[in-house]
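Novice: Sequence:
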Amino acid sequence: MEAEGGGERKRGVAVERERTYKGIRMRKWGKWVAEIREPNKRSRIWLGSYSTPVAAARAYDTAVFYLRGPSARLNFPEFVAGAEAAAEEEEEAGGGGDMSAATIRKKAAEVGARVDAALISRELKLEGNDKGGDDQFKKCVGVLERVDLNKVPDDPEDSI
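Quick note: the sequence shown, position 36, residue 574 per our numbering, numbers continuous.
Source of the hints: derived by calculation from the structure; they are not laboratory data. Take these hints with a grain of salt, some might be off.
List time: in silico BS3-like cross-link candidates among lysine-lysine, alpha-carbon distance up to 27 Å [claimed, not checked]: (1) Lys569 - Lys663; (2) Lys644 - Lys579; (3) Lys569 - Lys644; (4) Lys579 - Lys663; (5) Lys579 - Lys560; (6) Lys560 - Lys644.
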């Protein structure tokens, strides 16, 4: 697991592409992924693939918080209050302190997806405000039709 996400090495010198976060890395094709090593094991928990480094880092934070508790080193410690409340609710509901890898993966993926969606929608809104995107969106919706995949397409020769 790389401790840096977004840095690449060229002849021993680190070149920073984005702010680095713990527990994430960038794929060659631009997606950001998060994973974490399970305590006292060699296996890793896959936390998902995201469009933004912030979403991947938040997914990592969720997983590390559930694995290591409030003493965990987080990328975004300012969001720990919400995570502590969620962990307390989980314990009260009978979740206990030991969570399975699948449960941690699910919770981290939920947080990462939510953050990713919020960041992307905010970005699209900003682009829409700059370019008058609402009109373009309405035009596109009018063009698109709901396609019935069960219907056999009409033969173009019969319609002539």
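Novice: Among the hints numbered above, which are violated by the structure, and what are their numbers in rising order?
Specialist: Violated: hint 4 alone.
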